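Taken in sequence, the protein lines are chains A, B and C. Numbered by full-length UniProt numbering, the letters in the first sequence go through residues 1 to 461 in order. Numbered by full-length UniProt numbering, the letters in the second sequence go through residues 1 to 461 in order. Numbered by full-length UniProt numbering, the letters in the third sequence go through residues 1 to 461 in order.
The hints are simulated quantities; they were obtained by calculation from the structure and are not laboratory data. This one's a predicted model, so the numbers in the text were calculated from it and none came from an experiment. Among the clues, some could well be false.
Copies of one chain are not kept apart here, so a pair can be met inside one copy or by any two copies together.
[Stated by the list, open to error] Taking lysine-lysine pairs in the DSSO-like style, the calculated list, with each CA pair at most 27 Å apart, reads:
| # | residue 1 | residue 2 |
| --- | --- | --- |
| 1 | K109 | K444 |
| 2 | K285 | K60 |
| 3 | K291 | K385 |
| 4 | K385 | K109 |
| 5 | K385 | K60 |
| 6 | K73 | K434 |
| 7 | K109 | K201 |
| 8 | K109 | K434 |
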Amino acid sequence: MNKNSSNIMALAPNTSNKRETVCIFGTGDFGRALGHKIIQSGYPVVFGSRSTQTSSLIPKDAEVLSHAEAAQKAAIIIIAIQRQHYNFLTSLAEILHGKVLVDVSNNLKINQYPESNAEYLAQLVPGAKVVKAFNTVSAWALQSGTLDASQQVFVCGDDMEAKQMVMDIVRALGLTPLDRGSLLAAREIENYPLQLFPMWKFPILLTLGLTTFFFFYCLTRDVIYPYVYENKDFSFFIAISIPNRICPILALILLALVYLPGVLAAIIQLYRGTKYHRFPDWLDKWMLCRKQLGLVALAFASLHVLYTLVIPIRSFVRWRISNQIISQALNNKTQPLNNTNAWLSDSYLALGILGFFLFVLLGITSLPSVSNNVNWREFRFVQSKLGYLTLILCTAHTLVYGGNRFLSPSSYRWYLPNAYMLSLIVPCIVLVVKFVLIFPCLDKPLTQIRQGWERNPQYSE
Amino acid sequence: MNKNSSNIMALAPNTSNKRETVCIFGTGDFGRALGHKIIQSGYPVVFGSRSTQTSSLIPKDAEVLSHAEAAQKAAIIIIAIQRQHYNFLTSLAEILHGKVLVDVSNNLKINQYPESNAEYLAQLVPGAKVVKAFNTVSAWALQSGTLDASQQVFVCGDDMEAKQMVMDIVRALGLTPLDRGSLLAAREIENYPLQLFPMWKFPILLTLGLTTFFFFYCLTRDVIYPYVYENKDFSFFIAISIPNRICPILALILLALVYLPGVLAAIIQLYRGTKYHRFPDWLDKWMLCRKQLGLVALAFASLHVLYTLVIPIRSFVRWRISNQIISQALNNKTQPLNNTNAWLSDSYLALGILGFFLFVLLGITSLPSVSNNVNWREFRFVQSKLGYLTLILCTAHTLVYGGNRFLSPSSYRWYLPNAYMLSLIVPCIVLVVKFVLIFPCLDKPLTQIRQGWERNPQYSE
Amino acid sequence: MNKNSSNIMALAPNTSNKRETVCIFGTGDFGRALGHKIIQSGYPVVFGSRSTQTSSLIPKDAEVLSHAEAAQKAAIIIIAIQRQHYNFLTSLAEILHGKVLVDVSNNLKINQYPESNAEYLAQLVPGAKVVKAFNTVSAWALQSGTLDASQQVFVCGDDMEAKQMVMDIVRALGLTPLDRGSLLAAREIENYPLQLFPMWKFPILLTLGLTTFFFFYCLTRDVIYPYVYENKDFSFFIAISIPNRICPILALILLALVYLPGVLAAIIQLYRGTKYHRFPDWLDKWMLCRKQLGLVALAFASLHVLYTLVIPIRSFVRWRISNQIISQALNNKTQPLNNTNAWLSDSYLALGILGFFLFVLLGITSLPSVSNNVNWREFRFVQSKLGYLTLILCTAHTLVYGGNRFLSPSSYRWYLPNAYMLSLIVPCIVLVVKFVLIFPCLDKPLTQIRQGWERNPQYSE
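Turn these sequences into a full structure, and let the hints steer you where they fit.
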C-alpha cells in the first residue's frame, strides 16, 4: 500500500511542470494517432512493440522499445491493442504492477463479450490500475484535428488517482473528460460508439409506414380520381399539395401518440389499483421514445408551415385565383364579404399558428442544455400542461379547417373520406379519455395510486 | 481518524468489482423506488424499517431489517425519511459513526426551516458524513424509467470521499452527479425542486397586463368603432388582425424594456459619480430578468412573423384584393406603379426581416450551451452591440410602417392614435438617451466610473 | 510533507460549517468586487495592502492589513495584483509557504509573456500551491450580479486539494468551476477572455467579400441596366429583390465551400497514397472553420426564406399581379393552366423547402449541447450523409429555378449571366468530384489509406 501511494505521489505533477512520459503499447493506426497528439501536447511518448524497427509512420520524437522496456519508462501505459491479443500482458504482470493501464479498445458488436474489455484487462493484470478512456474518439478525428463532434471522453476506473492522471492527459489534448464512475461502467462506454440513434428506430419506422400509407391514400383521392373521372392532370400535386396534406396529418397523429401511452398507463393503473406492477413491455418501450416521437411530429409540423406559407407563390395557385377574378370581372359581379368564411379561415389559421408556436416551445425545452436548467416540477409543467394545450390547439385547428365539409357527400371520393378526417381519430380519443380522467372520481384514486397507495395491498407474511 | 480512513479504503471499489451493499432507512414510496433502481444497477440493498414485516411493495431482492441491523451491513445509508422523524437517529449515533448518510429529503415550502435538512441531520449525528443528494429526482421518474427531464443530481457534502461514493451510485443509476461543494449548499439544493420559473414571474405578469390593455385598445379602434359608425361587422379581426397588432407592439416595448434599465443605471452612476452605491431594489430586480424579458419579446416577434406571413392566405384578404381588382377592371383603368409606396413597403419589410433575424441570433446565443461556449467579451459584443442594432432595426421598421400616416387625422378614431404609435414611445426614449450617452463628454466619465473611479472618494480615517 | 497535509486537513471544511477566511492581496477594482461577492457568500475576507488605510470602497466587513499579516490569517490568498508587481511576493516566501495562491490576472494581448502569469507566480513562490481561477469573470459582472454570460470559471493547478478548495469558493459564489487540469493549462485560460470569435474571422471576411461582389453584380443587371435601356426606376429593388438574390447565392456557395475541403483532402490523399503527410496549411485552416462556414450559410438561407415568403405582401408584387389580371380581363381571355410551369414552380419550391429543412436540422445538431449527446458515428452520419443530401437538394432547387432560362439570350444583360448561374459553379464541382470519388476503384484505396495503409511505405532502418 505504502509503496503504491508513494509511487503515485511521485507521478503526480506536484513538484515540477515537466510532463510525465506516456507509454503506448501497439503501433497500429489508433496508437500512432494518439501518440502524435500526446506528443503535440508536450508529453514524452515511448512506444512498446513486438518489433522495435522504427517505421516512418511512428512520430519522430517517439522511441520504440520492447514492451517490457517501454513499460518501465512510464507510469501510464495506453493499451492500443485489440482484445484478442491481450494475453501476452500476463507475462509482463510484474512490470505492470502498480502501473495505470488505459484500455482504449472498442468492439465490433454491442455486448460482443461477456465482460467488457477493460474488465477483462483488469482480470489479466490484477496488480495494475485499469482505466477505460479514449474509445469514443476516432483516430481520424485525432489526426485531422477536426474534433467538431463531441469532445467528451468518457473515463471510468476503480482507482481515483489513476483516473485523475488519465483525465489530465485528456484535458491536455483539448478534450473534456467525463468521469463515469467505477470500471463497471466500461461495458456501457464500450457500447456507446457502436450505437446509431437507437431511440429513433421505432419512431422513424412508424413514420415511414404512416407516410407511405397516407401518400397513396392522397394520391388516389387527389390525382388518380380526378384523372379518371374528370380527365384532369394534377400530377404536379405530388410536389407540394400532397406533402402538405401528409405533413399536418402525421404531425397530429404523432403528437397524439406522444400522449396516448400516458393515458393508457393511467387506465392500467386504475384497473390494477396499484402502480407496483410493471407495464407491458410494448408500453414501456413506447413511453421511452415519446420525446423522439414528439420531435418527429415537430419536424412534420414545421414542414407543414413552410408548405403552407409558400402557397401564394405557387404558379398553380396564382393561375387559379386570377382565373376566378377574371371570370367574376367578365360576369360584372362582385361578391359581398362572407363573414362566416372570414371567421372560419381566420380562426383555423390562428389556431394553427398558436399550436405551432407552443409546439416549437416544447421542442426548445427538450434541448439538453435547456432541460438541464429546468427542475422536475418545471419540466412536468411544460411537457404536460403546455403539451396538452398544444394537442388541443392542433386538433381544433384541424376540426375548424374541416369546417362544414365533414358531412358534405362531395368530400367522399370512392367512399374514401378526406385524409385529414382520419388524422383526427387518435387525437380525439386521447383528448376524450384525458378529459374523463380529469374528473375527481377518477383523478383522486389515480393520484393516490401514483403516491404509492394500493387498492389490494398484498403483504407477504 | 485512522480507523475512518481505513474504513473508507475497504469500501472503495478498489479491490473487486462487487458492488457494496447500500442501506435505505424508510420503506416509503421514494425509498422503495430508489431501492428498486439501485438493485437494478447491481447493488445489494437492505432496508431499515420500524416493522420488519416484508411488504409485496418492497423489491424482492432486498432484505428488511431493523434500523440498527441494516445500518451495520452497509457503509452508505440513504435516509428516506421525513425530517420530522429524524430524531430517532440520535439513538443510533454509535452505529452510524463514520458511515455516509445520504439526505434525500425535500420540504414543502422554500426556506421552511432555519437550517437545511441535511445540516440538521449532520447536527443530530455528528460522527457521520452527511451527503445531500437525489432530492431533485422524482419517485415517479425513477419508477417509470422516463427520465426525460434533467438527469442531473446535485450532490453536496463536506467529506470528499463520501461524496465520491454517492456520486458513483448516482452514475450507476444512469444519472449525472453535479458536485455543488460543501454542505452549506444543501439549502439551495433543497429549495431548487420547489421553484416554478421564479425569474419569469415579473416578465409574464407585465406581458399579461400590456396584452390586456392593447387588446381592448385595438378592439375599440378596429372593431367597435367601425361597428358603431359604419355598421360593419369586423368581429373576425379578433382571430388574426388584432393579435397581429398586439404582437409587434409587445415585442418592441419588451425589447426596449430590456435596454432601459442599463440606460437608467448609467444615468444613476453618472449622477452619483460612483459605482459603489447599490442601485435601488426595483432596478436590481429588473436587470436580473432582462434575459427573460428579451425571450418573451422574441416569442411575440415570432408570432408577429407567422401572423404576417399568413396574410395572403386569409379569406378576408383574398376577398378584398379581388374586389379591388374587379372594380378597377370594371372601370377600365390600370394604375401606374407608385414608386414611393413600393419603396416604403419594401423597406419596412426588409427592416423587419433583418431585425427579426438579429433577434433570433440573440435568442440562440442565450441558449445555455451556446453562452457557455462564449467568453465575456464575446457575450458583451453580442448582447450589447447586436442587441442595440436589433432595437434600432425594429424601431425603424415600425416608423417606416407608419410612413406618412402619423399626421393624417383619419388615423385618430375617438381621439385614439394608432396602437403602434404608442409602442414607439419607450424604444425612442431608450435610443435617444443611449445616443446622448455615447457622446465623449458623457462616455468618458462613465467608463472611468465603471472602472472604479469616484468623483468624491470618501476615505474613512 | 507531513506538516502540509495536516495543514490542509485543518483547512478542509470537514469539522464544522464555518467558512475559512479568504485573503485578497490588492484593493483594486477586481479585488474589491471579488471581496464583496465572497463576503456575501459567507466567507470572512481580509485584504492585504501596501497602505492599510481603509477606503470606503472596501467592503465594510473586511479587514485591511499589511500583506504579511493578512497572509497569516488565511490558507487561501487571492492575488488580485497585476503581473508587473508580483516581485514583492518573493519577500513573503516564508509566510506563503504551503498556502494556496490564486492567480486571477489577465493580460492585454494573447501570449504577451513567454510563460503564463500563473506559472510565473509559481516560479516566484515555489513553496506555494498556485491555482489559476476567476480570470474569465469580469468585475462588472461580479458587482452588478448580472452573470448572464457563461457562469463557468476555468480552474487549473498542480495540487488537487488546493484546486478543490478554490472550486468550493467558486461554487459558493454561484458559479460553475471547470477543472482544466495542471498549471500548464494556465496559458490557454489566460488567452481565453481576450478572444473575439477567432474562428469566425475567415468566414465573415469571405462572406463580406462575396456579398459586396454579388451586390454590385445584381445592382448592375437589375437596376442600372433597366434604368439605362428602359428608363425604369427599380431602385427599390435594393430593399428586398436584390438581397433575396444575394442570400440564396451566398448560402449555396458557402455550403459548397463546407464540403470542398473534404473533397480536396481526399484527392490529395489519393495522390500521395498516404494519410501521414500533413495537408497544406490553408487546407487545415479551411477544414477547421467548416462549422462556421456552414452556420453563415444557414443564416443566409434563413434570410432567403423570409425574403421569399414576404413576396406576396410586397406592394410592387401586388401591383404587378393585379395589372396582369386586369389586362387579361380587359382582353376578355382566360389562360389555361400551363402544366409544365405548375410542375417547375412546385418542384423548385418543394426542393427548396426540403433543402432548408435539412439545413436547419444540421444547424440544430451543431449546437454544443446536442452534438455532445451524439457519438462519433452518429455525428458523421448527420454531418456527412445529411450534409450532402442538403447540398444536392439546394443545388437542384437552384437548377430547377433556372428551368429553361439557362440558354435564353434574354437572361444575358451586358453579357452578364444571371447571378444564380454563377452560384452553381462551386456546388456542381463539389458534387461531380464527390460522385467520382464514390466509385469503388477510388473509394476502396481511399478507405484503405484512411485506415493507415500506405502505397509506398518508407521504413527508416
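Status of each hint after checking the structure:
no.	hint	verdict
1	K109 / K444	between (48 Å within a copy, 23 Å between copies)
2	K285 / K60	between (52 Å within a copy, 23 Å between copies)
3	K291 / K385	both (15 Å within a copy, 23 Å between copies)
4	K385 / K109	between (41 Å within a copy, 22 Å between copies)
5	K385 / K60	neither (62 Å within a copy, 36 Å between copies)
6	K73 / K434	neither (68 Å within a copy, 46 Å between copies)
7	K109 / K201	within (18 Å within a copy, 43 Å between copies)
8	K109 / K434	neither (43 Å within a copy, 30 Å between copies)
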